[in-house]
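Could you put together the complete structure from these sequences and hints?
According to my numbering, the residues represented by the sequence shown are 1 to 642, in order.
Calculated from the structure, these hints are not laboratory results.
One or more hints might be untrue.
[Stated by the list, open to error] SDA-like, lysine to any residue: derived pairs with alpha carbons at most 20 angstroms apart:
#1 144 to 155
#2 69 to 55
#3 69 to 109
#4 449 to 387
#5 442 to 463
#6 437 to 486
#7 141 to 195
#8 258 to 188
#9 141 to 151
#10 233 to 174
#11 330 to 313
#12 442 to 486
#13 265 to 244
#14 318 to 596
#15 234 to 177
#16 442 to 460
#17 118 to 69
#18 141 to 154
#19 442 to 400
#20 344 to 387
#21 91 to 57
Everything numeric in this text was worked out from a predicted model, so none of it was measured.
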Amino acid sequence: MDASLKCSVKAGTAKIPFAVADDTAGLQQELLKRVDVSKIQALQSQVQVVLRAEAIRLADLRHVTQWSKDLQKQLHLDQADRLVRVGWPCKELARCEHVLCMVDAWDALLAQVQERMKAPNTMGGPILLKQLAEAWAAISKLEKAYQEIQDRARSAAGLVTAFADRLAADARRETFVGLRQGLAAVLCDRKLCSSLEDLGAELPPLESKSQSEARAERVPRLGYEEGARELSKKDACWQCLERGEEAQAMLLVEEALKSGRDGRKGRSVFLLSILHGLPAVALRIWELFPPDGGCRGVDTSETTTSGDTLMHVICRAKKFDSLHAELVSKLLSSTSGAPINCQKNDAGQMFLHVAAARLNCRVLAQCLTIVPGLVTRIVEPDSSGQTPLFILARHLQSLGGVHTVPTAPSRDEVRAASKPVGGAEVSLEVEDEVSGKLVRIKCTASILKGSTWATDLRDGSCLKVDPACCRSASAVRAAVLFLDGQPLSLSDGRTLWQLLSFTVQYRLPGDLRRASISGLLQSLEDPINAPVLPMLIRGALAAGLNVEQRRYVLFKMLTTPDALVSAGHSDDGLQRQAKVVQAVLAEMEHQIRHMKSRSDKAHHPDAGLGGVEASTRRTPRALDVPLRGPEMRQGISRLQPG
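Right, here's the structure in full:
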């Protein structure tokens, strides 16, 4: 939910429309009227001054970049097309940000070097040395005007020299075989050495052949003969993968592999790297041997002996992080229309079942963003008859969720309003979807005093109901009768949903809102009202449902397959179904965090009060992946009728 919607929810003015038109006519004129063009022109001038200077200063780059970000927030220019329309210096600022990213990456590498220098050993140091060489190579290619930035980076030559000497000292230890091989690979690379020497770093000499042979006699299975060189590198690569040594494996895959399909025992190195939890290695293999590279490219249709595809293996990862998410994105993008995405393993499960079993809501949402057509597979059962949505429902049960119908509010909590005294009379005009006509419903003005119509309550006035909010004369009539002192008597789910939407948008009394929520939740017990679930799951928060009520709606959505089908009765049915499932996953994630937090507080009631320390329990790592898809947090205001 975006910030504006959150504010409208707090203020009680949130709209929950059934249809929102995409009207962009006159956008540029509106922007130019609203935006202070002089500020943008001042920014353009300053950026040009900075980039055309004979000596570009790092402080100036940071200044104009931060200025542009602040100005963009101030003017509410949050989309690329809007920036172009108002003359935003996009290309120049992108250049500034690119240089700043290079500087920040260099500083981050130096910070890692300092940490490794303080550590007991420097395992993984060769890959860091290689990254330093590549980072300096990029900085050294900047134009002459960036001399200050280059000199700043060159001042770290002494630190890099000390780090290389430390690596050489550790590599002489007999037990550090992987470190020795990794350092040798870096020192044998003329391009990397040339870059480090250009930086001003002094590299240690490469171990002589006699020293290598003497060491080979003490360390078995490390041959240095010319004929055995390739075999030993592959063996070392496989051993690093099996031991989970990421840094050494990253160096060896570039030298040992000739194809993305190299491997042993029927498994490629690409698959092995995923199985052993090394997504960074898998991404490097993907870069070296992309799947469109012919017979040398990664085989995206590879499967295990149990029938698991690459997506099955990735979704089964114990620690699903941003690297796994990037791997999923690359794999799905290259196989978006391939049958491999729908392939089942020996247990009759697609990778969607595996992701649901691992409670990996983020990867499910990511998959639906990249391939919306997968939404039809999310209701397919496996060999045991369980769908991915039903598996999520079982997780919700195991976490302690209560999935009975929420109890109806007491008479003290929800009651019909007292009979109002006479006074001015007004009419509410609503576009009725049943009759297709405009219906006017008369009521006493006094019952609408606290609503958003409070300033328009003149005798005989006609107040129009926004059709994007409510298109049911029955719902408006029921609201008027309730506020006029009569009990609420509706059982149709869609009518109750429109009544709730009408109540929230026009800030009608809270008693009416609570009564409509209670009636709506009670109506969900009847399967005929299942089509209202997709609208309710996306608008529950804006409508004011509490956590327990939303949990009940979530459980009904997960266990009612017909509800998802009802959301796709239109030309863009798959897209709409995918957005509904993404809303389900977002609510599932929220409920998990809420129940985990409640469980932690129950185990540690004194946490944060100077007593017991706060709990270290965390939600599954699958929930820690940064969200990449824009659909996951889409505003609730873009609801459409089922």
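We went through each hint and held it up to the structure:
With a C-alpha separation of about 17 angstroms, the suggested pairing of residue 144 with residue 155 holds against the 20 angstroms cut-off. Restraint check for residue 69 and residue 55: not satisfied, since their Cα atoms lie roughly 24 angstroms apart, outside the 20 angstroms limit. Annotation: proposed proximity of residue 69 to residue 109 is violated, straight-line Cα distance about 26 angstroms (limit 20 angstroms). The suggested pairing of residue 449 with residue 387 is violated, with an alpha-carbon distance near 49 angstroms, which exceeds 20 angstroms.
Annotation: proposed proximity of residue 442 to residue 463 holds, straight-line Cα distance about 10 angstroms (limit 20 angstroms). Annotation: proposed proximity of residue 437 to residue 486 is violated, straight-line Cα distance about 26 angstroms (limit 20 angstroms). At most 20 angstroms may separate the alpha-carbon atoms for a hinted pair to count; residue 141 and residue 195 meet this at roughly 11 angstroms. At roughly 19 angstroms between alpha-carbon atoms, residue 258 and residue 188 fall within 20 angstroms of each other, so this suggested pair holds.
This hinted pair checks out: residue 141 and residue 151 have alpha carbons roughly 13 angstroms apart, not beyond 20 angstroms. Taking the CA atoms of residue 233 and residue 174, the gap is about 18 angstroms. The hint holds against a cut of 20 angstroms. With a C-alpha separation of about 15 angstroms, the suggested pair residue 330 and residue 313 falls inside the 20 angstroms cut-off, and the hint holds. Distance check on the hinted pair: residue 442 and residue 486 sit about 15 angstroms apart at the alpha-carbon level, within 20 angstroms; holds.
Proposed proximity of residue 265 and residue 244 is supported: the alpha carbons are some 18 angstroms apart, at most 20 angstroms. Between the alpha carbons of residue 318 and residue 596 the distance comes to roughly 19 angstroms, so the proposed pair stays at or under 20 angstroms and holds. For the suggested pair residue 234 and residue 177, the alpha carbons sit about 15 angstroms apart, so the restraint of at most 20 angstroms is met. Between residue 442 and residue 460 the CA atoms are separated by roughly 9 angstroms; this keeps the pair inside 20 angstroms, and the hint holds.
A hinted pair counts as satisfied when its Cα atoms are at most 20 angstroms apart, and residue 118 with residue 69 does not qualify at roughly 37 angstroms. Restraint check for residue 141 and residue 154: the C-alpha separation of about 13 angstroms stays at or below 20 angstroms, so the hint holds. For the hint pairing residue 442 with residue 400, the CA-to-CA distance comes to about 47 angstroms; that exceeds 20 angstroms, so the pair is violated. Taken as a hint, the residue 344 and residue 387 pair is honoured in the structure, with Cα atoms around 13 angstroms apart against an allowance of 20 angstroms.
Pair hint residue 91 plus residue 57 holds up; C-alpha atoms about 19 angstroms apart against a cutoff of 20 angstroms.
In the structure shown, a violation is registered for the earlier hints numbered 2, 3, 4, 6, 17, 19, in ascending order.
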